[in-house]
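Chemist: Hints given; two lone chains; assemble the complex.
Just so you know, the protein sequences line up as chains A and B, in that order. Once you know that position 8 of the first sequence is 8 in the working numbering, the rest is easy, because the numbers rise by one and skip nothing. Going from the second sequence to the working numbering is simple: count from 1 and add 95.
Examples of chain B residues lying across from chain A (beta carbon under 10 angstroms, computed):
#1 K168
#2 T170
#3 E188
#4 R190
#5 R386
Think about it this way: if two alpha-carbon atoms lie no more than 30 angstroms apart in a straight line, the pair counts; the simulated DSS-like pairs of lysine-lysine are:
#6 B:K466 x B:K127
#7 B:K178 x A:K18
#8 B:K155 x B:K178
#9 A:K17 x A:K79
#10 B:K260 x B:K362
#11 A:K18 x B:K362
#12 B:K155 x A:K17
#13 B:K260 x B:K98
#14 A:K18 x A:K86
#15 B:K287 x B:K362
#16 A:K17 x B:K178
#17 B:K260 x B:K287
#18 B:K155 x A:K18
#19 B:K466 x B:K427
#20 A:K18 x A:K79
#21 A:K17 x A:K86
#22 B:K362 x A:K17
#23 B:K427 x B:K127
Treat the hints as calculated values from the structure; they're not laboratory data. Backbone N, C-alpha and C define an ideal beta-carbon position, used for all residues, glycine too.
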Amino acid sequence: MAISPSSIAPMIEAFIKKERQVPDNDPLFTRDANLFDLGFVDSMGFIQLLAFIESTFHMTFDVDRLFSPDFTTINGITKLIQSRLKERQPEWQAP
Amino acid sequence: MWKPISELETFLGPQERFDALTAATFRRFGPKIVDFSYANPYDGPADDVRHALHLALENKSDLSLQYSPYGGKTTTRRLVASKLSAEYGLPFEFRDIIMTPGAMAALNVAFRTIFGPDDEVLVITPCWLDYPLYLQNLGIPFRFVSTTEDKHLDMPAIERALTPKTRGIIFSHPCCPTGVVYSRDEIDALSKLLLEAESRLNTQIYLISDEVHQRLIWRAADFYSPLQSYPRSLRVYSFGKALAIQGQRIGYVAVSPEMPERESMRKQLERCVRATGFCGPTSLMQDAICRLLDYNPRLDLLAQNQEAIRTALTACGYTVCDAPATFFVYVKSPLEDDFTFTELLASHGVLVIPSTLFHERGYFRISVTAKAGSLPSGVRVLQQVLEDLSVYQQA
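Pulled out of the complex, with its shape left as it was, chain B reads as follows (with noise of 0.2 angstroms):
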């Protein structure tokens, strides 16, 4: 059931716990702080992606910055479905669409419209970091679930979590925090196992798939959905990755056409923004991102800054997780205390985030959007400090 904010304290404590240690390193090393933390995108958007910005405000329409109705404006919300129709090849309608300010609220309407204190949510881990902060606050009862070691769908594992109580299933893909990539026989062998589980126990289970990496997979890969394999599916979804303008929340959240319950689903996901009261997109992001549907973010860089990263650390002794996708390299820490690694790099001056922010233990997330220019000083305090620590281990 629904608790004060106060006795959120276990998912909403580590991140303060982080973002106190990140406050302190900024005030200590200043400017020459290498940021490997959130994914924040230090060399700003595009200058497309700033003109489109620009001419959505320009937009000298009486109408254009005022009230759009639930679920989105109908013309963002068509050409958002015009556009998956033709990357799914699943006939999505605009009323399948729901925009939201962001993926945050995506989960929370979808959480909310879908999941109640009865049921129950696997959560794949490691996993976004507010996931189950989100469950817990809106009251829905969650189990997480390991990936297996090289971070894919761990298959008997998800099904021996399945119980009557199973209403849905959560995770990233491309995933954060590890970048992996599920492959199309991964996400069909899910489809299987769960339409077996609804048949078997007689219940619904519902597949969110969050996607809001899914333009930023960087080295060839297949992106498979489980929208195009699992009727009960909705896509979450953000803009502010693949444009590099986070902060600006734009998104939505997407109903597969070949679930059963759509018609109902899109009625009570609109019915959603409205009860929450603050899900609803502004104008001005709703026209914007509609001239940037096509828009697809230049990845070479990132390709090649993943690529120097991910072959530094693993030259000098980290295990680093194999991964085509998302800004991020997930590394084993060489402490059992991901925070105290994490403490250990910020002492020197770099900022990474503990994997128990993720709900794992014992690794660490590198984030590939720092200034140009600061990986390399940044590989060059990882290895350092993994060189001290094995000369005090052996010691």
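Isolated chain A (complex conformation) (with noise of 0.2 angstroms):
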């Protein structure tokens, strides 16, 4: 499946929104929100947050990368994994 880079943030919205039960209309939900203090993602839901990366995108994070505070945010996650494509096909041009 192709990705395009402003597919990667909706993509990772989506998996969180269905696996950890979000509703539509919470306020709370956004892209720049810290999804561990907000209660959107706990030790569980990153474990199925991660397969879900592994899985769709191909790649791991080291140890560093995944304790670093771009790794709580919908956001921050998506330009960690921008960054990583990048790295893989130069030609690809993040939004």
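Modeler: This is how it looks when you write it as structure tokens:
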């Protein structure tokens, strides 16, 4: 499946919404919300999210990245994934 | 201090005496019994509720039935917090919600977390039967404070009971056993009283509001929680009542987002769940209730039965407590000894609970959850017994 730069955030968002039962009208669920502080992801949810990223984008992250502040928000995770995809395919442009 | 269970006789004995009466009455009358005692839903849960339980069981996720964190599954806590935020207009976070196996566990967790042997807790009576039992079991001193004649909060009595040792106050709202819903003015007046007392006595007073019947307000009445008025409030809740799945034991204790010690309170509550060893709810029920947070029970039949019983009992001479909520009708006993009157009714095949179990003398409680069709016969017995008593007393 081709992945465009702009489709990453919606894919992560949709995954979390479905797996973690986030209602459509939840005002706290934004792409800059801290997923852990607000309870959208916990340790079990994190395992699910990593498995989703691995199977969808075919990539893993080292421990430093997993504990970085970027890995707490949808936008941050998207940025990390985009960065890895760019390394893999230099012609791939982030939006 | 902690006592052997055998030394809790004062608060264990009356219910055991009543349960013995119940067992004997069931044996004597069998299916003809009219069971107005405990709030067991004889008509069972609605199909929607059963369906949600099925869906939770069919969840094939590998981790769906595994351990959940102390405090409960994050998703469940978040959804409950979101629901409460919308209802109360307060910014609940998931950590404000501590999931427990029902309200009984929530009460124990709250009591054990907040109070100690040097504190005193005010228990508003009549009250749900086991608040004093739990407090005594945990070695926490307490003091009963009666409500007014119409079963509303008695502010002067509460004020008189407050001392430098007062650390908490507990009541159910809507009230079990009376069905009374405290008004906004009452709650605000209590809040003002407690805030003044905190300042005057240089203490911290926690208000525990047991709101397990919140969804069972069957006649128009505004529900206003102490959490909306008093910062040091905690809400205890059980999903069992409104969903008619009392035996499935799922509930929570919620910390007011306004509480000054919010962060430490929710942390200590989580730790208490661990320390007790038995206050963590099942994963299955935590999953199931996520699908039922917006479920509203049908109250039309309850309202109809409530009004019918109240009207009939009042017409034949009973004094009935005016109230708009819960399954219960609270009635003045024609005999001063409510237990004796309960035994008299039981001898005719009707079970009600004597108010002694609710730490007040002279009343009895009817639960309008009996089998459909048994209400008229129950009312007939109540009427006949009152007439017989009247004739006997005149003679």
